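K.L.:
Here's the letter readout for the chains.
There are 4 protein chains.
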Amino acid sequence: MRAKIPVAVLGATGTVGQKFVRLLAEHPWFEIAALAASDQSAGRPYGEVVRWREPVPLPGRLAGMTIARSTPPLPGRIAFSALDADVAQDIEQGFARCGAFVVTNTRIHRMDPDVPLMIPEINAGHLGLIERQRAARGWPGAVLANPNCSTAGLALALAPLHTAFGVEKAFVTTLQAVSGAGYPGIPSLDILGNVIPFIGGEEEKMERETAKILGTVRDGAVEPAPIGLSVQCNRVATVDGHLETVSVGLRRRATPEEAVAAMREFRGPEIVRGLPSSPAAPVEVDLRPDRPQPRLDLERGNGMTVTVGRVRPCPLLDLRFVLLSHNTIRGAAGAAVQIGELLVAEGRVE
Amino acid sequence: MRAKIPVAVLGATGTVGQKFVRLLAEHPWFEIAALAASDQSAGRPYGEVVRWREPVPLPGRLAGMTIARSTPPLPGRIAFSALDADVAQDIEQGFARCGAFVVTNTRIHRMDPDVPLMIPEINAGHLGLIERQRAARGWPGAVLANPNCSTAGLALALAPLHTAFGVEKAFVTTLQAVSGAGYPGIPSLDILGNVIPFIGGEEEKMERETAKILGTVRDGAVEPAPIGLSVQCNRVATVDGHLETVSVGLRRRATPEEAVAAMREFRGPEIVRGLPSSPAAPVEVDLRPDRPQPRLDLERGNGMTVTVGRVRPCPLLDLRFVLLSHNTIRGAAGAAVQIGELLVAEGRVE
Amino acid sequence: MRAKIPVAVLGATGTVGQKFVRLLAEHPWFEIAALAASDQSAGRPYGEVVRWREPVPLPGRLAGMTIARSTPPLPGRIAFSALDADVAQDIEQGFARCGAFVVTNTRIHRMDPDVPLMIPEINAGHLGLIERQRAARGWPGAVLANPNCSTAGLALALAPLHTAFGVEKAFVTTLQAVSGAGYPGIPSLDILGNVIPFIGGEEEKMERETAKILGTVRDGAVEPAPIGLSVQCNRVATVDGHLETVSVGLRRRATPEEAVAAMREFRGPEIVRGLPSSPAAPVEVDLRPDRPQPRLDLERGNGMTVTVGRVRPCPLLDLRFVLLSHNTIRGAAGAAVQIGELLVAEGRVE
Amino acid sequence: MRAKIPVAVLGATGTVGQKFVRLLAEHPWFEIAALAASDQSAGRPYGEVVRWREPVPLPGRLAGMTIARSTPPLPGRIAFSALDADVAQDIEQGFARCGAFVVTNTRIHRMDPDVPLMIPEINAGHLGLIERQRAARGWPGAVLANPNCSTAGLALALAPLHTAFGVEKAFVTTLQAVSGAGYPGIPSLDILGNVIPFIGGEEEKMERETAKILGTVRDGAVEPAPIGLSVQCNRVATVDGHLETVSVGLRRRATPEEAVAAMREFRGPEIVRGLPSSPAAPVEVDLRPDRPQPRLDLERGNGMTVTVGRVRPCPLLDLRFVLLSHNTIRGAAGAAVQIGELLVAEGRVE
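So the protein sequences, as listed, match chains A, B, C and D. Note that the first sequence covers residues 88 to 437 in our numbering. Note that the second sequence covers residues 88 to 437 in our numbering. Note that the third sequence covers residues 88 to 437 in our numbering. Note that the fourth sequence covers residues 88 to 437 in our numbering.
Treat the hints with care, since some could be wrong.
Residues from chain A shown here face chain D by an in silico Cβ test under 7 Å; the list is partial [as the list claims (entries may be wrong)]:
1. Gly212
2. Val347
3. Glu386
4. Gly388
Selected chain D positions facing chain A (in silico; Cβ < 8 Å) [unchecked claim]:
5. Leu279
6. Gly280
7. Arg378
8. Leu383
9. Glu386
10. Gly388
11. Arg399
The set of hints was computed from the structure by calculation and includes no laboratory data. Since we're looking at a predicted model, the values are computed, not measured. Note that CB positions come from ideal geometry on N, CA and C, so glycine has one too.
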């Protein structure tokens, strides 16, 4: 049994930062060596500063850990970043410049041509982009990004269809949980008994990021998948779990049964299957007529499995279905941790 | 000032029945002459039997009215029906056979070729179908239907586009309130903090009914509008108000501004504009980026106005937008009352 | 028909400020002559600055009104204040010094010995305190306060019992709506599917304010009513409406029927009954076993009526009951407007 | 490692029945040998009949188990009963007559003088009542009951105070989750954005049962604890978790610190501490000002720990506090399973 690999968490006091802390606290490969936050918080014990909102107790060792300033270097070859977008760029690049692998949940670097935007089951090969990134930027470290919370579920559900039949286009409508907006996030007066049919920038993010994730690396750059997407985003009064309705047009026709089979067989490459955060099935299909539901299906695969239901013909395109994805695990902290695990499995971090 | 026209309410104790009672209690043209319900309730005072859930007091006169059995004849030339689908057919046909105009919210007769499925602003001319109905069935009365709660808003938002540009197809996803399922309806354990991505039969209803409502009467029959629809229905934790996202393909291209103009100019025929239940604008467009919202926009036009927002280009078709409609008023009782008013305005009921 | 009396609204853009604007927009006696807000907002049209959240449209005249700075003098003999507590003191005193009657919803002056804390039906006579206030402070105007949102309902339900039987003590637990915390107020992540058993300072406010409101003016000062109160406050996931359970001990025993009769007969003095905002009955008792409920009973008396239910014996004290009060109307803006009306009815403002 | 003890579940398809199945599926001592339900369900596979609502998958072995009729004998010395109250009496007595220990969540036998109403940490000694029960009724088996869902948390929080200082009386107001009403239970139209201040029979149950649980066995009968209780029950829009505010009067004065210490030291007898379902601490005290909260504190001790917060002086009695208890675990299935474990630990079942 080898020693655990020290890692740092940037932006450790926020909603996603807390999720990182929870996932890493009992991680089989990693151990938290540094918790960083804003200068006001630095120097104080994490347990005093954080407004801990996870429904499990904060481990005592971490409660007593002194918060570090968000400046490199910090202990740990990997820095998991939950920084706010408005401060993330300088801090994350600074850590990469000092040799860290920064796996970020922030949107800021996702569409940089030399930054891999990763869902390991889909595009583990995109990891190679960091060679170009390091060469171009002269960094000993690198920045890697996980996708937006509502992109992750969509990309995972489309990936097996894209591989098997080619996805030409899709109409998507999301019903997203409030945790996606962080804390304090959505005021309760805005969402109790209500729906907000708008999430700033979200539709564009999903349209762009999905094409990059499903794209192909050619000559050190990602060629986006030629998939047309039209997304409409809504906020609903759920706490966790983004549900999405999808109508999809395929390049090669497929029956619902064939689509279900493709989704169920989807596994990702061998090296990814063995990662601690990888679920047994990245996509599960539930054939009961009224599934998936956030309250019942969210915890599959410890929040890393996307649940698909209602796979049926579309009167206008090929297929329709509904998907559910855990927005703060598969769509944020869990996704980043899995990328960190891939760095270890590939021998880039030891 | 002429005397009020007596009307009956069938299924008066249920959710939609109560809404009928509330709308008719202060109606300028109608007065409630009979409240009918199941045999168990008949003979008892309405106020004792009904579990009144409207947030205004039940008028004393109606509380004291003895519930009638649901058998014709009852006082009133018009019978507004909120009957359950499983008992509606015989009862409604019985009343029509006895000379009543039955305006029904039940799904059971909606797709009958000789039953007008009406939204007066859109298809007041379909009223003529009842001549054929009466001839064919030999009834002195007639059955007329209002559409399903989620169809009403969609048809009203599409109608001005269809007239101006021709609607070829649309992808629709609904976020529907629990009142659409009646009482007791959706168990709270199923919907608190949750979404249910399935409403039995609803998608098919919307696809069929919209084409009939927007269709053309030819040779005494409705030729459905040639509009392709793909609908996905979801139940969310709102009390009232169905919100729908729409991506629409037009036969003649239109900019968002042209679409907004068409919606805003939409009024319906002169005779409909003067009906007491007709709102000043059947469709209002709100250009604020995060509207419409159920809690803020539902009461426009006393619940008879559909609010449209976020009209913008669609990456795959022509336009995208969001609509909100009051499911128990424009989508149920208010819709039926408005049809009853049209019968009066056209001189069919005096 | 006399001309309307011009009034100003301080803090006009917040939640309570908007409620003032809505109530005053169609008021029979008052008209809005000035809308004041922070310096950043001053000089811009109200309709552009305010994030209007009332479910009725903002009247065009007010949308176009230029926001004034919160410095006296402003047009209007009465200034209704919805200012934040941290800035209210200087501004409100400044307006009183300039001759305005400031009716404030802010907590800051409520317990000042020379400031009347008023619920007109209960303690219209406390208005006389302002003579002392003006003498002591040398102001031509005056400051008057309405109680905290959760105090108002409790005081109104206790007042008839106190008059008839003497209230000795009461145990109270509140279930308060999120609108009581203003906007943005309670984050949705804190309250969806949850209860927060704590509202800072609220319990102490209710205990203190109730005694003052029900107190007696003696020698120009309020002698608090000798009522022992133990209050526990909770925030629940309702939008509007504070519900409270009460166990009360009386100085003179009373049956539930006697208590109900006292509440139902309660009217307040003649001069208060005629105010536009005074409901026909300040307290209504609903004997149905499961009432009052926020969604069904909140709008009684246009939000100015407190609904009481479940009046029954207490195994430990005399009586138990449940009350419901509209926190942003009877507990905030409506309360202040009614006090303003009393100033007019008493001839202090013309 | 000894073989597991076979047990039966009566009423296995309902909400509490499913919770039994979930808790027993991985129980270290028990294994499910029979799943019984109504005659309509009998003979069919459990997985086909049950509308499984637990957020973890139903184990395949149980999904395939054929549902038995609810008639004795069934395999298993212990029968855990989640039967509806209207059918429970005959069935449960029938099983006891056939030799089974019936541990029931139903209210029907709780107040029978010879039926132990048990919370093992508090009154393990009440188990001796079954000798009298068997003698009086001539049964080889016995019926044992766990308390009502809202009683369990109250009794556990009061028990250490009662032991240390003597509880004289308490005023309690509950905020109860919808799962307490079973499925379909509370209609969503009744509870979304609402509070229902009434739960039929609940207040009386809590007042009676608490006194029995905290009572003393004398001469083969329970002498109820002389505690005066006044309870007011409310249903709020939470899924799981009953929160209660308590004002308590003690026979011997205690400071909040002394009360906290007594609660924290509370453990129950040695034999109970070792049961698989017994949490490390039956009562945890959280000193943060806004705790306990259902969404954050419910899962402590796998749902078997009651969380207490806000322990502070009461202006009218001695102490006030807030408690939170998991209504379907500590207040139902978990409670019954723990009683079953006690039967094993005491050697009554092998």
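K.L.:
Now tell me if each hint is right for this structure.
P.N.:
Here is how each hint holds up against the structure:
Of the supplied interface hints, the one on Gly212 (chain A) is violated, with its beta-carbon coming no nearer than about 33 Å to a beta-carbon of chain D, more than 7 Å. Using the Cβ-Cβ criterion of 7 Å, the hint placing Val347 (chain A) at the interface with chain D is not satisfied: the shortest such distance is roughly 18 Å. For Glu386 (chain A), the interface hint holds, since its Cβ comes within 7 Å of a Cβ in chain D; the closest pair sits about 6 Å apart. At a threshold of 7 Å, the smallest CB-CB gap from Gly388 (chain A) to chain D is about 11 Å, leaving the interface hint violated.
Hint status for Leu279 (chain D): holds, given a least beta-carbon distance of 6 Å to chain A, under 8 Å. Using the Cβ-Cβ criterion of 8 Å, the hint placing Gly280 (chain D) at the interface with chain A is satisfied: the shortest such distance is roughly 5 Å. For Arg378 (chain D), the shortest C-beta to C-beta distance to chain A is roughly 11 Å, which exceeds 8 Å, and the interface hint is violated. About 5 Å separates the beta-carbon of Leu383 (chain D) from the nearest beta-carbon of chain A, less than 8 Å, and the hint is met.
The beta carbon of Glu386 (chain D) comes within 6 Å of a beta carbon in chain A, closer than 8 Å, and the hint placing it at the interface holds. Taking 8 Å as the C-beta cut-off, the interface hint given for Gly388 (chain D) is violated, the closest approach to chain A being about 11 Å. Taken as an interface hint, Arg399 (chain D) does not check out: its beta carbon lies about 22 Å from the nearest beta carbon of chain A, beyond 8 Å.
Checked against the numbered hints listed earlier, the structure breaks hints 1, 2, 4, 7, 10 and 11; every other hint is satisfied.
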